[in-house]
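K.L.:
Residue numbers (numbering that gives the first Met the number 0): 0 to 538.
Simulated from the structure, these hints should not be mistaken for lab results. Be aware that a few hints might be false.
DEER-style ranges, computed between Cβ atoms [stated by the list, open to error]:
1) V436 with D504: 19 to 29 Å
2) G286 with R417: 37 to 47 Å
3) G48 with S246: 45 to 55 Å
4) D64 with P191: 29 to 39 Å
C-beta atoms are modelled at their ideal positions from N, C-alpha and C, and glycine is treated no differently.
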Amino acid sequence: MTVLVLTSQQDVTADLVVARLNSTGIPVVRLDPADLPGEVALSGEYAHGAFRGYLSVGGRVVGMDGLRSVWVRRPGVPGARAAVPSGWLTEEASQAFYGMLRGTGARWMNHPDAAARARHKPWQLHLAQRSRLPVPPTLITTFPQAARDFARRFPDLVVKPVSGSHPQEPPRVVPTSRVAPGVDFAAVAFGPTLLQRRVDKRADIRLTVVGDRVLAARKAVAPDAHPDDIDVRFAPSAEPWRPADVSPRLAEAVHRYLREAELAYGAFDFAEDTDGIWWFLECNQSGQFGFVEMDTGQPIARSVADWLAGEGPPDPLPGVHVPLDSTHHEGIRPLPLRTFGSDVLTLADELTDAYAEIFTAPPWDDRDPEETRVRFRERLETDAHRPGFRAAVSLADDGRIRGFVTGWTTEAPFRTDRAYGRVTELLGAKRVDELLVGAFEIDELGVRADARGTGLGRRLLSALTSAAPGGRAWLLTWEQAHDTVAFYRRTGWREPEPLPGAESDVVVFLSPSVPSPRSPSSPAYDYDYDYAASPELNC
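Model the full assembly from the supplied sequences, consistent with the hints where possible.
P.N.:
Below you can see the structure in the form of structure tokens.
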């Protein structure tokens, strides 16, 4: 069985993999579709209920039914080097070439349909959020006013292309650049513009995934680096790439991303901030890896070769997958819920254990576990006696708490302790009274790691909010709890518009049953921003 490599002859990264395959005795055919027709020829016959296809390059012929795998590395456009190239010829050659290969039983790295979808930057950002990867707040817009509003909320921004290289000849890479203060964003109206909060980074991360294997490399930012040197491809640096450890949670998230994207290979770029958080920037479905392997010695080429040489069924057809936010999992039964009033204190020890386990994991892993336990236990003793207090708890068969939610009716005057003062600064006292006072407040919602992805968080929320006064419920969370924020957005919770110029590290959500509040600043328009990111699901 033969490995087919589709790339240009100048691709030195592919050379590493082909050399590895040759050393193990695996037959390899390397060709560039740009040479079809010409040096590359094809033939396919559909007769008597069967397909027989052949490819020829440099006088060597290979049957398509003998292909083990296809590596779509950096192929040229079919027909590009024909004697008389034309758009018509390119379309004809593309249809014939890739249409025949789609009919084989070969494994793909990566399937052309999945690869084409994976190139779209907006879709990447959406999928990263769904996969529980941290994503910097991002806006793609042609509305100048939306860009101005975004810049007020996130004053330190970068701008980058939505699509990638500029299509000039030869193609020109457009670097990520810092947005200068005072820009009025009028030019945004002339084309989609991608703005993103700048990550105050201490290192760049290139994380390469090959099948089940995850290999990460880290390049530290030089101490004297200029803050405008944003793009690692252009920033001067003598720092080498070094191997980096990958947490199990992050490894799970990138695997989830590739499963949803139906990719066998992905080169992820992250920016590591001063707190050690890896912020997702993009995933290149055919990204380079030779420069990383040269610095780190990591066996990326060998991993690619091993995957291509491996046996196994072809990858699933694009579009056939289980949604990430599915609430049904085969073999997992719904976890039963019990509701409580102040009698929840009979489970105080168990609740404290669950809370400390959940809320000292990322992104709260800077908390001291014992201090977290003590503070939660003290609050629970008080909160259980607040007006309207209710709790719902999911217990496993062995009595262990799998998840819980607590809340009560928000009283007047609105509180100023904990993070409540920041809520008033964000929304204003008048809107706090209108939207929050008298509504049911979700105080804590936590789901242990082994019960996540079962729909338990939604069921816990529903157990308390279904009987909220007038259907009104609200909650607040930390903006850096990215997957928590993403969870509430997915379940239909909405953020009321903040006061003009107001900034905060807390996010306020209103339940789906609360009517959409009007903006305090401009009733004529309402931009529904979605800045969710997602490293850890705690709700």
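K.L.:
Within 37 to 47 Å: is that where the Cβ-Cβ distance between G286 and R417 falls?
P.N.:
Holds, at about 44 Å.
K.L.:
That 45 to 55 Å hint for G48 and S246 (C-beta), does it hold up?
P.N.:
51 Å, holds
K.L.:
Just tell me: holds or violated, for the beta carbon distance of V436 and D504 against 19 to 29 Å?
P.N.:
23 Å, holds
K.L.:
Do D64 and P191 keep their Cβ atoms within the hinted range of 29 to 39 Å?
P.N.:
44 Å, violated
When each numbered hint is compared with the structure, a violation occurs for hint 4 only.
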